[in-house]
Amino acid sequence: MNTINKTVVALVTALAASTSMASAAKLTFYCSAQEDWCQSMARGFEEATGIDVNMTRKSSGETFAQIKAEGANPKGDVWWGGTGDPHLQAAEEGLTEPYVSPMRGELNDWAISQAQSAGDKTIGIYSGALGYGYNEDLLKAAGLPEPKCWKDLTKPEYKGHVQMANPNSSGTAYTTLATMVQLFGEEGGFDYMKALHKNINQYTKSGSAPIKAAGRGENTIGIVFMHDAVKQAVSGFPIKVVAPCEGTGYEIGSMSIIKGARHMDEAKQFYDWALTHDAQSRALDVKAYQVPSNKAAKTSPSAPDLSSIKLIDYDFSKYGSSAERKRLLKKWDDEVSTLPQ
Amino acid sequence: MLLWLIVGWVGFCLVPWYGVEDGFFSFVWLFEGYPFDSDYAPALFLLFQGEKTWLLPLVLFLLGPLQAMAKPRSDPAHARLLIIYGALGFGWLIAQGFAIGISGWQFGWLESLFGPLGDRQFGMGYGAMLVASAFLFVFTQGIAARGAVNGDIFVVGAIGFIIAIVTVFVFYPILSMLSSAFITQDNAYSISVFFEKFTDKRLWGLACLSGGRCGAAWNSLVLAILVGALTTILGLIFALVVTRTGFRFKRGLRAMTVLPIITPPFVIGLAIILLFGLSGSVTQFVADVFGIAPTRWIYGMPGVLIAQILAFTPIAFLVLIGVVEGVSPSMEEAAQTLRASKWDTFRTVSLPLMRPGIANAFLLGFIESMADFGNPLVLGGNFDVLSTEIFFAIVGAQYDQGRAAILALVLLAFTLAAFYAQRFWLGKKSYTTMTGKGDSGVHPHLPKRLAIPVFAIAGVWTIFTATIYVMIFYGSVVELWGVNNALTFKHYLTAFSLKMGENGLLWTGSAWDSFWTTLQIAAISAPLTAAVGLVTAYLLTRQKFAGKNAFEFGTMLSFAIPGTVIGVSYILAFNVPPIEITGTGIILVVSFIFRNMPVGVRAGIASMSQLDKSLDESSLTLGANSWQTFLHVILPLLKPAILAALVYSFVRAMTAISAVIFLVSAEYNMATSYIIGRVENNDYGLAIAYSTTLIMVMLAAVGLLQILVGRTNVGRRLDQSRTNVTAHTKPIG
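Chains as they are written, first to last, in our numbering: chain A, 377 to 717; chain B, 109 to 841.
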């Protein structure tokens with residue numbers, strides 16, 4: 377009798393203890409990078425702090441849609457990864473919380489300037505330059521010269537060989553459009569898009585689809601972020617990565633704390649941890665070839681070297697705003713997408 | 109009656125009123141201050157502690173029915189009191205749920221009327237659910253007592269229940285989502301916004317007639333009509349081969365036709381690319397042998413069409429097989445006795461009797477094609493369809509919920525049109541072929557001139573399907589599909605490895621988590637889906653009540669709307685009180701039930717319209733009530749429909765993606781969303797290995813279901829089952 381009583385008491389206390397512990401240190405983590413990178417970040421943070429991490433991986437567009445839908449009753453705490461535009465949009469719509477991390481001193485300038493442009497509601501964790509990649513076998517089979525510049529892609533011999541995503545559906549393609557506008561001026565940029573339109577065989581829905589199609593031999597040239605192209609090459613596909621000679625734009629993968637997070641302290645703890653060089657060096661283990669924002673983080677020799685690429689001075693606050701985005705997309709819809717190919 | 113009151117009181121006095129954050133069934137709440145802690149307290153204890161005083165009127169509404177029970181059933185006051193208290197209780201429960209949310213009053217005018225509220229409430233829990241169902245059934249019993257539907261308590265209760273759940277889980281989320289079609293950037297209502305977005309040329313453009321690109325609406329419509337027609341024809345062909353020929357490998361053929369629905373999304377698309385794409389094996393072969401330069405012809409309408417036909421023919425088959433089997437052999441024999449040739453018999457007797465099946469199969473194919481998302485995404489090229497446009501209106505570079513809502517409305521309008529076209533085509537004719545009288549004879553074989561093309565088409569299509577699946581399996585055992593063809597099992601090992609650890613078996617594979625969740629959710633939702641679907645079908649075919657047509661369309665609604673819209677509307681509707689279920693397994697189960705229920709409804713209607721009403725009537729005359737009639741007469745005759753509904757809902761719960769992608773959470777991740785993550789990450793091998801495993805699991809499950817459903821009729825009732833009516837009751841007939 378006594379022992380039974382004891383066991384019950386022990387059981388109940390254990391249960392109570394375990395549940396109260398679980399509710400004390402928990403973090404709901406929305407992740408928009410590739411699956412294994414997300415896993416690595418979640419497990420790494422658990423090891424470093426003992427806080428339980430609940431991770432959900434969705435693309436940045438999906439996560440943005442979810443955070444917006446959950447606005448009245450947020451479920452997530454921190455949103456890590458994915459291209460910067462949806463993070464900036466979330467900041468603009470007041471869905472995320474401003475936070476100034478003590479880790480800022482260790483970061484590259486581009487990460488800080490992006491944070492400042494968003495009122496400290498988001499911060500850069502990695503960046504990647506825009507470029508393109510081509511399938512060497514197909515290019516050779518078609519007897520085409522190797523393209524080196526953006527302008528090369530508009531030459532008539534590449535007709536039907538170029539693929540990019542639809543800027544209406546993909547952040548990557550919108551970055552391409554905004555890059556051309558900044559590189560060649562608004563008129564020049566749209567003239568370029570019109571000339572390119574003649575050579576495009578398909579506007580894909582998803583941003584990295586063109587280079588995946590090129591990897592499988594379904595397409596010759598894909599306009600994508602260079603780290604996506606590098607990934608294909610490293611995976612064993614016959615892909616060559618090109619940094620266009622005129623210079624190019626780039627994205628900043630970002631991180632934000634969700635406004636009204638249920639575990640605010642843990643979210644800030646994660647935020648600080650994710651900016652350390654240790655956490656950012658984890659990218660290498662999962663073959664992510666973006667450039668980390670922490671200056672001391674390790675980078676891969678296969679990763680595109682941002683210092684050797686001509687980068688334009690991409691204006692994130694202007695081209696990340698909803699109004700400018702809407703205007704450019706409408707113009708692209710009306711003037712470019714309707715042209716005969 | 110008393111039962112439901114007891115349920116209501118239990119819900120009010122014993123069960124936690126609000127949702128429990130760590131899950132009700134963990135029963136942790138029992139140890140954490142229950143019944144006094146306000147997070148876990150039942151409503152009664154909350155009231156005793158002076159909290160949540162707005163729940164007080166519920167006591168009155170729960171006591172009221174006792175007053176009614178004191179009066180005899182024949183007294184009109186009995187019915188009136190039940191109706192009043194049921195309606196008031198239910199209404200009050202809903203009103204307070206919407207009026208008071210997580211930040212106090214939800215509407216400005218309430219705050220100005222009553223002043224600020226110092227309290228708030230979270231989502232309702234099981235206590236509230238029990239009380240709500242008690243009120244609902246008190247209300248329906250009142251209606252029945254007044255004489256509706258011949259005073260049939262079961263039927264009125266069932267109608268009330270289905271209407272209530274369809275309203276909560278279909279109409280409410282979808283209407284709240286669709287209303288955003290009229291909302292401008294700054295949250296004001298406006299008709300002009302609607303028209304501006306509605307008349308978009310990306311939606312209605314006809315440039316493809318002159319060499320440009322057509323709008324998504326036209327693309328979807330043409331594609332859906334083609335897919336509906338072709339899948340129906342193919343489904344009919346397979347059904348005829350299985351039932352009306354001496355074909356020997358029927359089982360093999362059946363399995364083969366089931367394969368595509370148990371295939372996770374993207375896999376068929378990938379296999380088609382590997383065969384017919386620019387570098388596909390068939391394309392390369394044709395290029396080498398005939399010297400035809402490879403093109404990208406597969407990207408666009410042709411590819412999507414092929415993939416959708418592959419994927420949806422089995423659904424048409426499942427609907428049609430029951431109907432084709434159900435056509436009365438004696439009618440066909442009568443025609444032949446009257447000197448009609450086999451061909452004339454088929455054309456003028458068998459085929460017209462199959463019309464309900466054909467119409468329903470077409471409708472399903474049409475709707476499936478409209479709502480399909482995976483295939484157009486992979487193979488669409490520049491061929492835009494509504495479903496992908498909706499998805500990218502929500503997750504694309506520009507979050508535009510209004511545009512998504514308008515596209516969804518267009519899609520819905522097409523579906524509605526198809527639905528009414530189908531009704532019109534069926535007309536008011538009777539397709540009853542199964543009566544209480546014995547029906548002797550066997551189905552005649554197909555006439556020769558039909559048999560030959562039917563065999564040819566079925567054969568070609570079977571070989572094609574087989575090739576696709578061989579490719580898929582091959583893809584799961586090579587290093588890197590299309591590049592490095594060395595054989596390996598490493599993808600299976602990564603996903604499903606097991607290790608013996610100190611504490612027994614360790615599930616070290618990366619896919620186990622999502623695999624078990626998926627299996628569990630599918631296993632829970634399948635029987636519920638089938639049950640809700642068949643009861644609905646029974647009500648629609650067998651009962652007459654006001655608003656039946658609207659009711660029927662309502663049950664089709666969630667199926668017609670693409671999963672993406674459902675997913676987002678579910679988050680919008682169920683992330684805030686009164687019903688707060690996002691991030692739980694419940695939301696997945698609920699979304700599956702209401703998305704897949706229409707197939708159960710369709711299959712049930714198709715089969716039930718063949719059952720003569722005299723069967724029910726004789727059962728009712730012999731003193732059975734309608735529940736007993738449903739259970740013992742209708743249900744055993746519906747074996748094919750039950751099987752179709754069970755199989756379909758189980759399989760769809762395991763392979764659905766577009767709705768699920770918004771509803772999965774860290775704890776409840778589904779296999780498909782895991783697979784998509786792998787595909788995005790170039791891990792084709794792992795994605796396909798996982799898909800292949802899922803296919804195997806589902807094949808086993810389908811086989812098991814077939815045995816289970818088949819066996820329920822073994823025993824005494826076997827004599828009444830249809831197959832035996834046909835075979836053994838000759839002397840009576």
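Derived from the structure by calculation, the hints contain no laboratory data. Where is the CB? At the ideal position from N, CA and C, for every residue including glycine. Among the hints, a few may not be true.
As the list claims (entries may be wrong) - Now the in silico label distances, taken between C-beta atoms and shown as ranges:
| # | chain 1 | residue 1 | chain 2 | residue 2 | range |
| --- | --- | --- | --- | --- | --- |
| 1 | B | Ala337 | A | Leu715 | 44 to 50 Å |
| 2 | A | Lys516 | B | Ala594 | 47 to 53 Å |
| 3 | B | Val578 | A | Met640 | 51 to 57 Å |
| 4 | A | Lys686 | B | Val568 | 38 to 44 Å |
| 5 | A | Arg419 | B | Gln628 | 22 to 28 Å |
| 6 | A | Asp641 | B | Ala658 | 49 to 55 Å |
| 7 | B | Ile291 | A | Arg419 | 38 to 44 Å |
Task: Ascending list of hint numbers which this structure does not respect - done: 1, 2 and 4
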